[in-house]
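Undergrad: These are the residues of each chain, in order.
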Amino acid sequence: MNSVVVQNISKAYGGVTALESVSLNVGGGELFGLIGPDGAGKTTLMRILATLLLPDTGSAKVCGLDVVTDWKDIRRGRIGYMPGRFSLYQDLTVEENIRFFASVFRTTMEKNYDLIRDIYVQIAPFRHRRAGRLSGGMKQKLALCCALIHRPDVLLLDEPTTGVDPVSRVELWDMLGRLKRQGVGILVSTPYMDEAARCDRIALMYSGRCLSAGEPGVICREAGASALYAVCSDNMYALLSDLRSYPGALSCYAFGREHHLRLKPGESDASLLTGWLCDKGHSGITVEPISVTIEDWFMDKIVQHNEQE
Amino acid sequence: MNRNDSPVIEADRLTKRFDSFTAVDGISFCVGAGEIFGFLGANGAGKTTAMRMLCGLSQPTSGRATVAGCDVYREQEEIKKHIGYMSQKFSLYADLRVWENIRLFGGIYGLSGKRLSGKTEELLDVLGLEGERNTLVSSLPLGWKQKLAFSVAIIHEPEIVFLDEPTGGVDPVARRRFWELIMDASARGITVFVTTHYMDEAEYCDRVSIMVDGRIEALDKPSVLRDACGVGTMDEVFRSLARRAKRSE
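Protein chains in written order, with our numbering: chain C, 1 to 309; chain H, 1 to 249.
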């Protein structure tokens with residue numbers, strides 16, 4: 001059974017559209033990513049699924065229960081929800097928070113300890129510290145324990161890696177992978193495009209809309225309509241504007257140590273590029289054909305979307 | 001770096017202790033004029049504490065540092081006149097109009113009278129925002145908001161601008177446009193001191209420092225750091241260094 005089914009959900013705040021006709025399915029035991037920048041509508045969708053917000057139109061089910069009519073049952077332990085903002089009791093200790101959340105759902109920390117053990121051992125040395133005095137990374141781990149302690153069928157995690165350093169981000173995704181193997185369905189949102197690869201399936205969200213959904217690899221393969229090259233030279237700053245003025249260029253963006261150059265449809269040959277860049281005074285030029293990443297794909301879509309607006 | 005010989009930021013064994021906890025543990029480095037200096041580190045490594053000292057917001061425990069020639073112990077108010085600051089979390093007032101934001105921040109950065117009104121008009125002109133001067137910032141497109149926030153942070157023509165995670169949560173196109181603004185500012189001679197959790201952005205810096213447990217564990221050009229660690233990306237450099245952290249945050 002699908003753990004989450006969203007059908008044509010729309011939601012506006014006053015005149016501002018937060019979600020526009022969004023549909024998606026999360027399979028049982030699937031790790032599903034909502035990928036998109038701030039303002040994409042990720043949090044609104046999470047809050048609707050957590051029964052904290054009513055959609056204007058459309059319907060959604062979590063574990064087969066309707067988010068509008070069956071909200072009591074959903075809240076009674078079917079979901080574990082971790083909001084983007086730290087929302088545990090700051091002046092309770094680490095252990096007190098976990099025990100409190102367990103007791104709310106009429107269970108105990110001991111009963112479900114196996115589910116949180118991997119995460120809890122990392123914060124156990126601080127179990128008598130007040131939650132408000134933990135660092136950001138520790139707070140995230142505690143929040144995850146509290147969202148899990150009643151053994152929910154589905155976890156809703158709203159941007160658990162935002163503002164978190166690359167090491168802790170990898171740790172968190174490793175934890176999610178282990179939880180998935182224990183049978184927990186996970187819907188997780190993130191603004192980091194590179195985290196898409198850690199998900200079974202993803203939905204790419206922008207400006208209230210779902211631009212595409214599917215397996216990350218499949219989305220990338222379908223996107224390879226025009227040729228993409230990684231280009232470097234000794235002067236990367238000048239190279240960016242020079243590449244944009246290349247006659248065959250569709251777009252060019254910095255991508256870490258390289259620039260990604262997208263050629264216009266029909267222009268798949270970059271053999272003239274090196275000579276052209278030489279004439280512009282560049283040295284140390286490398287041009288390599290590459291395959292499209294989720295971030296390349298997403299950027300194309302954003303540019304198209306903004307042109308249509 | 002080396003675009004100019006005299007460093008704009010100089011830190012020598014700069015240290016900050018809170019009771020028995022050493023948040024910043026004797027960091028030493030120089031930043032040259034016009035340089036884009038990436039200040040990286042895991043959560044809890046001490047970046048924010050170090051940045052607060054350099055911005056004149058926190059008194060060091062020991063060590064020395066000067067920012068734009070001003071001493072971080074004795075000339076904290078003077079430092080603030082020579083720097084700009086922007087973060088993604090706090091940059092503009094959404095419920096003030098475009099011109100009101102420019103006037104407010106210009107005033108905070110010490111501009112007044114004719115200079116402030118002159119700068120306001122100049123900024124509106126350069127940004128192409130004359131038609132939007134009475135628009136509430138909340139209804140500006142993100143790209144414009146970013147341009148405005150960055151321009152306002154350097155409205156008083158500071159030597160240095162401190163950018164604290166300026167691109168967090170920003171879409172990938174806007175994120176790159178923002179970095180193009182940073183590179184333009186650097187090309188005009190403004191020194192940029194920037195923190196980020198996006199490791200591709202570390203590649204856009206002239207030099208990068210990586211803090212681990214309050215100390216600077218690595219400091220060099222991205223290409224040199226990659227080669228030294230024998231890896232292909234700054235993400236791998238960062239993870240191999242940050243994994244050594246002993247401090248339990």
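Don't take each hint at face value.
Stated by the list, open to error - So the derived label-pair ranges between C-beta atoms look like this:
{"hint": "1", "chain 1": "H", "residue 1": "D184", "chain 2": "C", "residue 2": "E307", "range": "35 to 43 Å"}
{"hint": "2", "chain 1": "C", "residue 1": "G284", "chain 2": "H", "residue 2": "S112", "range": "27 to 35 Å"}
{"hint": "3", "chain 1": "H", "residue 1": "K221", "chain 2": "C", "residue 2": "S268", "range": "30 to 38 Å"}
{"hint": "4", "chain 1": "H", "residue 1": "D71", "chain 2": "C", "residue 2": "D114", "range": "35 to 43 Å"}
{"hint": "5", "chain 1": "C", "residue 1": "V218", "chain 2": "H", "residue 2": "N134", "range": "44 to 52 Å"}
{"hint": "6", "chain 1": "C", "residue 1": "D269", "chain 2": "H", "residue 2": "D184", "range": "29 to 37 Å"}
To be clear, the hints were calculated from the coordinates, so they are not data collected in a lab.
A quick note: this is a predicted structure, and the numbers were derived from the prediction, not measured.
We treat Cβ as the ideally placed atom computed from N, Cα and C, and that holds for glycine.
Undergrad: For each hint, tell me whether it holds in the structure or not.
TA: Verification of the supplied hints:
no.	hint	in the structure
1	H/D184 with C/E307: 35 to 43 Å	24 Å, violated
2	C/G284 with H/S112: 27 to 35 Å	49 Å, violated
3	H/K221 with C/S268: 30 to 38 Å	34 Å, holds
4	H/D71 with C/D114: 35 to 43 Å	57 Å, violated
5	C/V218 with H/N134: 44 to 52 Å	47 Å, holds
6	C/D269 with H/D184: 29 to 37 Å	32 Å, holds
The structure does not agree with the numbered hints 1, 2, 4 stated previously, though it agrees with the rest.
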